[in-house]
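Undergrad: Sequence:
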Amino acid sequence: MAVRVVFQKVDETPQAVEYRFGPTEDELPTTVVIDPQRPTEWPTVGGDEPLMPTVVRAVLERRRATGRWPDHGVIEH
Numbered sequence: 011m012a013v014r015v016v017f018q019k020v021d022e023t024p025q026a027v028e029y030r031f032g033p034t035e036d037e038l039p040t041t042v043v044i045d046p047q048r049p050t051e052w053p054t055v056g057g058d059e060p061l062m063p064t065v066v067r068a069v070l071e072r073r074r075a076t077g078r079w080p081d082h083g084v085i086e087h
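Numbering (the working numbering), first residue to last: 11 to 87.
There could be a bad hint or two in this list.
Using 25 Å as the maximum straight-line C-alpha spacing, the simulated SDA-like pairs for lysine to any residue come out as follows [stated by the list, open to error]:
1) Lys-19 to Ala-68
2) Lys-19 to Thr-64
3) Lys-19 to Arg-67
4) Lys-19 to Arg-78
5) Lys-19 to Thr-54
6) Lys-19 to Pro-60
7) Lys-19 to Glu-59
8) Lys-19 to Pro-46
9) Lys-19 to Val-84
10) Lys-19 to Arg-48
11) Lys-19 to Gly-32
12) Lys-19 to Trp-79
13) Lys-19 to Gly-57
14) Lys-19 to Thr-41
15) Lys-19 to Gly-77
16) Lys-19 to Glu-86
17) Lys-19 to Thr-50
18) Lys-19 to Pro-80
19) Lys-19 to Gly-56
20) Lys-19 to Pro-39
21) Lys-19 to Thr-76
22) Lys-19 to Pro-33
23) Lys-19 to Trp-52
Please keep in mind that the hints were generated in silico from the structure rather than gathered at the bench.
With the sequences and hints as input, model every part of the structure.
TA: The following block contains the structure:
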């Protein structure tokens with residue numbers, strides 16, 4: 011089964027980085043909030059979503075590669 015997830019950064023503060031994600035650029039119904047001080051901890055918002063680990067992993071991989079939180083991205087498996 012193919013998976014396609016789009017994510018978009020909606021807010022970034024020293025305490026939290028918030029992303030919306032979903033199946034298309036126009037449909038981003040789910041929120042995940044990452045703690046930038048502890049990015050590998052389970053998110054307090056969005057942790058119950060099945061695709062959350064996939065989104066957070068992609069965000070963190072791009073952050074490691076570029077040194078900044080990505081503005082958006084597409085994950086396709």
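Undergrad: Hints broken by the structure, by number, lowest first?
TA: Of the numbered hints given earlier, the structure breaks none, since each of them holds.
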